[in-house]
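Student: Please work from the sequences and hints to get the whole structure.
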Amino acid sequence: MATATLPVTERENYLNKEYGIRSWLFTIDHKRIALLYLLSVTFFFFIGGLFALLIRLELLTPAGDLVQADTYNKLFTMHGMVMVFFFLIPVVPATLGNFLVPIMIGAKDLAFPRINLMSWYLYVIGGILIMHCMLTGGVDTGWTFYTPYSTAFTNTKIIEAGLAVFVAGFSSIFTGLNFIVTVHRMRAPGMTWGRLPLFIWANYATSIIMILGTPVVAITIILVAAERLFHLGIFDPKLGGDPLLFQHLFWFYSHPAVYIMILPSMGIISEIITCFSRKRIFGYKFVALSSVAIAVLGFLVWAHHMFVAGMSVYAALIFSFLSYMVAVPSAIKVFNWTATMYKGSISYTTPMLYAFGFLGLFTIGGLTGLFLASLGIDVHVTDTYFVVAHFHYIMVGGVLMGYLGGMHFWWPKISGRMYPEGWGRLAALIVFIGFNLTFFPQFILGYVGMPRRYWQYSPEFQVLNVLSTAGSTILGVGYLLPMIYFLWSMRYGKQAPDNPWNAAGLEWKTSSPPTTFNFDETPVVDFEAYDYENIKDTDDDGGAH
Amino acid sequence: MSDSPAVTAHNPELRHHFADMAQQKDAASLGMWLFLVTEIMFFGGMFCAYLIYRLQHFNDFAAASQSLDITLGAINTAVLIGSSLTVVLAVNAAQRGKRKLLVFYLVATIVLGCTFLGIKAKEYTQKFEEHHVPGPTFHFIPTRMAGHPEQPPIDERHAEMFFSLYFVMTGMHAVHMIIGVGLFSVLTFQSWKGRYSAGYYTPIENAGLYWHFVDVVWIYLFPLLYLISLHG
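Same order as they appear, the protein sequences are chains U and H. Using my numbering, read the first sequence as starting at 1 and increasing by one per residue. Using my numbering, read the second sequence as starting at 1 and increasing by one per residue.
Since the hints were derived computationally from the structure, they do not count as laboratory data. One or more hints might be untrue.
For lysine to any residue, the following SDA-like pairs were computed, each having C-alpha atoms within a straight-line distance of at most 25 Å [what the hints assert, rightly or not]:
| # | chain 1 | residue 1 | chain 2 | residue 2 |
| --- | --- | --- | --- | --- |
| 1 | U | Lys-285 | U | Glu-528 |
| 2 | U | Lys-238 | H | Gly-171 |
| 3 | U | Lys-279 | U | Gly-360 |
| 4 | U | Lys-238 | H | Phe-58 |
| 5 | H | Lys-25 | U | Ile-28 |
Output of the computed footprint for chain U on chain H, the stretches with three or more beta carbons under 8 Å from beta carbons of chain U [what the hints assert, rightly or not]:
| # | segment |
| --- | --- |
| 6 | 47 to 59 |
| 7 | 129 to 136 |
| 8 | 164 to 178 |
For glycine and all other residues, C-beta sits at the position ideal for the given N, C-alpha and C.
Tutor: Right under this line is the structure:
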């Protein structure tokens with residue numbers, strides 16, 4: 001970098017190139033759009049978190065004393081809808097993915113910058129709709145919109161919530177489409193498929209699910225809305241329709257949606273673990289292709305959500321078997337990450353702590369997923385807190401740990417500032433403890449028979465529920481801390497060098513923060529990803545050790 | 001195509017983040033194809049629902065299908081295939097840089113698209129008058145069943161499901177047609193202003209792909225909805 005000797009504040013970068021609200025709202029720079037997304041998903045994370053807090057407070061005592069049953073139904077519905085559609089699905093692709101995909105492959109921007117901006121606006125419109133829906137009464141069907149309750153019985157705001165999800169869905173379709181075209185058509189010279197960072201592979205696989213799955217949930221929502229508005233008979237059993245068809249169509253998207261959430265985080269973990277083990281990834285091809293395998297297999301397992309809803313034994317057996325199959329590529333990843341660390345030179349930085357957390361929590365979440373994939377146990381624990389604990393281990397323990405790890409890892413690149421390492425480690429520890437205290441008791445609760453989605457429960461479940469509520473408070477503190485010190489670091493943090501972690505990858509070869517076009521001239525790639533054996537350790541590591 | 005590198009490098013339509021026009025065109029058409037994949041999945045959900053119910057309630061669906069106007073459906077099929085032809089000719093005119101011809105074929109496509117929508121509206125009106133629109137006023141008496149003298153009793157509720165799916169599927173298709181007509185109106189205006197040339201006509205080509213896709217959806221809808229059990 002010719003300008004590397006100037007202080008950060010004087011170098012032109014994507015943040016200080018233009019100022020003012022217009023320069024943000026009409027930007028087509030993928031990095032600025034990533035920050036717009038960052039702000040909006042963080043907002044919805046705290047809205048969804050607020051609902052979670054109210055749920056946990058209600059469950060502090062066995063009696064339904066804080067809220068009425070109807071209100072409780074709305075609370076868990078809105079918690080689910082906001083967290084799934086407005087946080088977990090866009091969180092990594094739309095923020096870190098948006099920021100990093102072009103830089104990591106040596107491109108100036110995504111293939112369609114204006115579509116990228118449009119997808120943020122779609123997200124915002126969906127967000128406004130869901131906020132309006134919440135403030136004017138909300139929805140009580142659960143985030144799954146099951147028919148015939150949603151089409152014929154409930155008098156809550158199904159249409160508006162459905163429209164919000166529909167619009168947000170198109171935001172995610174356009175993000176996925178943009179990523180796929182970018183990875184195919186915009187790679188720098190020498191950036192072959194075999195040299196792509198694993199974060200790119202993960203986002204590529206995610207994008208495949210986004211463009212194949214999301215349209216199906218979109219049409220399903222339209223059918224529900226049409227049935228509700230115009231009295232069409234699609235899923236209505238009164239006319240000979242089948243509510244199970246709704247469940248099939250819904251889960252055809254909504255199960256793969258789980259992989260939309262987890263795959264990008266897995267990509268982040270690959271980046272973090274190689275960097276802080278100072279080692280080449282173990283089995284690059286297997287880690288890369290296991291992302292694609294998860295995307296493909298993920299489309300063939302949806303009916304395991306419906307084992308007790310009524311389907312033939314043979315179909316159930318096949319879906320059970322296929323659900324086990326998804327565990328194979330997932331396990332390949334976990335084993336390869338572990339093998340990468342073997343004989344590595346490991347440093348316990350904040351991102352690495354989150355990666356460790358991810359490994360443990362994802363493994364528990366994944367293995368309990370196998371419990372649920374086996375027919376006998378599933379019948380026992382369906383619609384209990386066991387299921388709730390399982391998917392929170394994946395979605396919160398997996399997705400959020402990966403996301404937070406990634407945010408710390410790339411924060412110097414995004415903001416040009418270092419976050420305070422001590423606070424970072426403390427927050428990671430608090431998140432890990434708070435998370436386990438919140439959700440581990442729920443496994444036990446579910447196994448001994450506490451059903452989900454009830455606002456009151458038998459007194460014998462109280463001890464474990466109190467533990468869970470206590471844990472959620474700790475977890476909340478753990479999530480607030482990074483927000484505070486990230487904001488603090490934007491003004492007071494140490495200025496970040498271009499490559500604070502001495503990491504491989506094109507994003508570390510440009511300035512921190514990058515210029516608007518990412519690179520002064522298009523890079524030529526003549527090295528494989530994660531060539532850590534050939535990267536000399538220097539002392540200039542931004543205080544990582 | 002006469003794009004020498006020197007010409008493409010200075011094309012005013014080249015966006016900053018692409019190296020050259022070829023890369024930009026490749027990206028745009030890959031993007032369009034992927035969008036069509038999402039559209040296939042979108043319509044796929046409805047086709048899937050339709051096929052499952054049709055297998056379950058075949059006789060009722062066939063009887064309900066008999067009340068659709070096959071002549072109007074067939075005319076519409078011809079109109080749409082004709083519009084696909086005019087789109088191809090429009091793309092060809094753009095490739096050869098013939099501005100007036102391009103505008104002519106685009107307008108022809110819009111006219112054919114509107115003709116289709118007009119005929120569709122006529123069909124919907126008929127259904128409305130016959131009380132075949134699902135809802136409280138729905139009423140269905142099977143009219144004729146060619147080749148089925150011993151016709152089994154028809155379940156009116158299943159016929160109502162057929163018409164529900166008929167309206168949703170053709171309705172979504174019509175929405176796509178309206179979007180297409182809007183798209184071509186913008187393109188016609190831009191072409192008239194001379195925005196497209198032999199060096200840059202990607203939007204025409206991509207809109208054409210979209211239009212062909214919408215046509216293909218109809219090519220499936222027509223036999224599936226109108227031509228059930230017409231043999232014999």
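Student: It remains to establish, for every hint, whether it holds in the given structure.
Tutor: For each hint, the structure was consulted:
Restraint check for U/Lys-285 and U/Glu-528: satisfied, since their Cα atoms lie roughly 12 Å apart, inside the 25 Å limit. Between U/Lys-238 and H/Gly-171 the CA atoms are separated by roughly 23 Å; this keeps the pair inside 25 Å, and the hint holds. Taking the CA atoms of U/Lys-279 and U/Gly-360, the gap is near 21 Å; set against the 25 Å cutoff, the hint holds. Restraint check: the Cα-Cα separation between U/Lys-238 and H/Phe-58 comes to about 18 Å, which is no more than 25 Å; the hinted pair holds.
Distance restraint check for H/Lys-25 and U/Ile-28: the Cα-Cα separation of roughly 19 Å lies within the 25 Å cut-off, and the hinted pair is therefore satisfied. Judged by the Cβ-Cβ criterion of 8 Å, the segment 47 to 59 of chain H is covered by chain U as claimed, because 6 of its residues qualify and three suffice. As drawn, the segment 129 to 136 of chain H meets chain U at 3 residues by the rule of a beta-carbon pair under 8 Å; at three or more, the given contact holds. Counting residues of the segment 164 to 178 of chain H whose C-beta lies closer than 8 Å to any C-beta of chain U gives 5; at least three are required, and the coverage claim holds.
Of the numbered hints stated above, none is contradicted by the structure.
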